[in-house]
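**Student:** Listed below, chain by chain, are the residues.
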Amino acid sequence: MTAVACVWVEAFAAAAAERAEPALRAHPLAIVTGTAPTTHVVEANTAAREQGVRPGIPEAEAVARCPDLIRRPASAACVDAARRALLDACYGVSPRLEDVAAGLVHVDLAGLGRLGDGAAIAQRLQRAARAVGLPARVGVAGTRPAARIAARAGLGVVAAGGEARALAPVSVSTLEWSEEIVAALARWGVATLGELAALPRPGLAARLGASGLAAHDLARGVDDPTPWRPWAPPPFWEEAQELDWEIQELAPLMSVLGRVVERLTARLSAAYLVADALELRLALAGGGHHARTLALACPMGAPRPLLTLLEHDLGARPPQGPVTAVAVQASAIPRRAVTGTLGRAAPPAERDLATVLARLVTLVGPDAVGAVALADSHRPDAFVAARLEPEAAPVMPDVAGDSVLALRRLRPPRRVSVAIDEERRPVIVGGALAREARVVGCAGPWRVSGEWWDAGAWARDEWDVALSDGAVCRLARDLRDDVWYLDGVYD
Amino acid sequence: MLASLRDVTAGAGTAALVDADGAFDPASAVRAGVVLSRLLWVRCGGRRKAALAATDLLARCPGFALVVLDAGETPPRVTLGTAFRLRQAARRAGVAVLLVGRRRVAGAGATLAVRTWRDALAWAGSRRAPTRLAGMSTRVQVLRNQGASRPSSAVAEMLDEPQWWTA
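From first to last, the protein sequence lines stand for chains B and Y. In terms of the numbering used here, the first sequence opens at residue -7 and continues consecutively. In terms of the numbering used here, the second sequence opens at residue 8 and continues consecutively.
A few of these clues could be false.
[As the list claims (entries may be wrong)] One side only, chain Y facing chain B, incomplete, derived with CB under 10 Å:
id, residue
1, ALA36
2, ALA96
3, ASP126
4, MET143
No lab work stands behind these hints: they were computed from the structure. No residue lacks a Cβ here, since even glycine has one placed at the ideal position from N, Cα and C.
Model the full assembly from the supplied sequences, consistent with the hints where possible.
**Tutor:** What follows is the structure, encoded as structure tokens:
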């Protein structure tokens, strides 16, 4: 029989705020919404609830009940980021998830036998959620409703097939019901799910209709008739934070970004991913945005190097105004496991490499640093930017390669004047390395052309020439406009 | 230069090439066996000071097996103090630094200084109208070899014979 785990975070909006500001965990906290003076509490953490702060009461009343209460405005961005973080954490345990609501995730445990029994997987899910800053409770059962109730009531693992018996002692107040059901249960004196399950179904249907039958099914732990809606991780992972105040200086902005990047990398780490590229979006006070994209030279998972890169980038191109919200988005790829061998030198540490690359980018520009790969083209000097892979497994190329002549290219190719003889071979080259040089040795032409089917068509004759000044060069005559170029010098 | 990059990248190491003029030809490198994904290419666009600063940065980063500064036709002026600091940094980080230029760059700061010059050319195709440069032979002279009193017989033999490079 299949088992389902339910991961549930109590008072999710408060937990999301605590995740964004970990210092709040030590204080009673209430999330408030509305316009003053009619603001009211949406959610409260455990410390605040113990002092009588309940969702729905006015903010003033909450402060009267708990003078030390810290209030934070409800933030959709914060809740969304935490919701995603919880899903990411669960995704590191099972690929089959159902995103039920904010702070409520169903995890299909089918095929996870190698991770242990239900209790071991529940512990693993709890650890994963804690790693992304969310205190979750986990319930495991044979059906989704039973797993939800097990998580809320702290039952842990409920044996498949024994849901009704296990849920019987749970108080009905553990679950959230409609006002009609709550009133009816109170009127009938029903206090536990077992008592609710014992009520006759036809009578419930006659008195409460479909909602009564649904409550009866829930009390018995019968599975939902709705199909499983699988959740798929999006290609980009984002972490955002709205600021209560505007930030103009780089140092406090980096402090906020540090927390955001730490949360993002914790999520990536929970899902066994690393960042491949980073996008920073800063909302500015004037209504504008400051967006930067950082192509990482190598995939990274540690927060410090990413933060160093962001700091260098923001130092070079600061935002044009005070910042009111920050968002960091990462394009993620699977983390590659690397095992060093005795004969293999350790590649540069991620942090060292990131720091050096950030400094090099500042020194010579972002387009002038990185690895390259040959482009799939016969066009001369065709290459594309590629990812530096210092941790890739060593490969022995299948070329002799021992003594290959290197061409030192001129970028862009230098235009030269060439005098040709009656056989159309170059005899004098002007404007190459010396002012004018005689051709003492010459080979060619080597005709190459390509992309004749496209707008970027090219065609040229290449000549290898030895000049009287000692240089050995490659000349090229563009066949379309009959212009000679110095392509490079043999080293 | 390509041979040393090939030995490092095809084996297991990561190499960096600081290219003062942006003259590196990836196609030649691939033919020589260089694994481009393990080579960090820094193009300095003719800025000699930036090239030297980039080399200094990379020489201090442990993990690079080889850092090459291709100084090109007009190598930057490197004071003896700078050369010794670079050498110390490279030694501490365990990085080999290779400076390539039209003239000697590091002076007494170099552990090994080698001069190469062209000896002969070979052309492919018919003798009257060759179609391609087939190769080039060079000779090598060791100008400075700090630490080794005398080259081994194999090295000495290699130094005596011209080295052929195929185009």
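**Student:** Now tell me, hint by hint, if it's right for this structure.
**Tutor:** Evaluated hints:
1. ALA36: holds, 8 Å
2. ALA96: violated, 12 Å
3. ASP126: violated, 12 Å
4. MET143: Hint holds; MET143(Y) Cβ to chain B Cβ min 6 Å, cut 10 Å.
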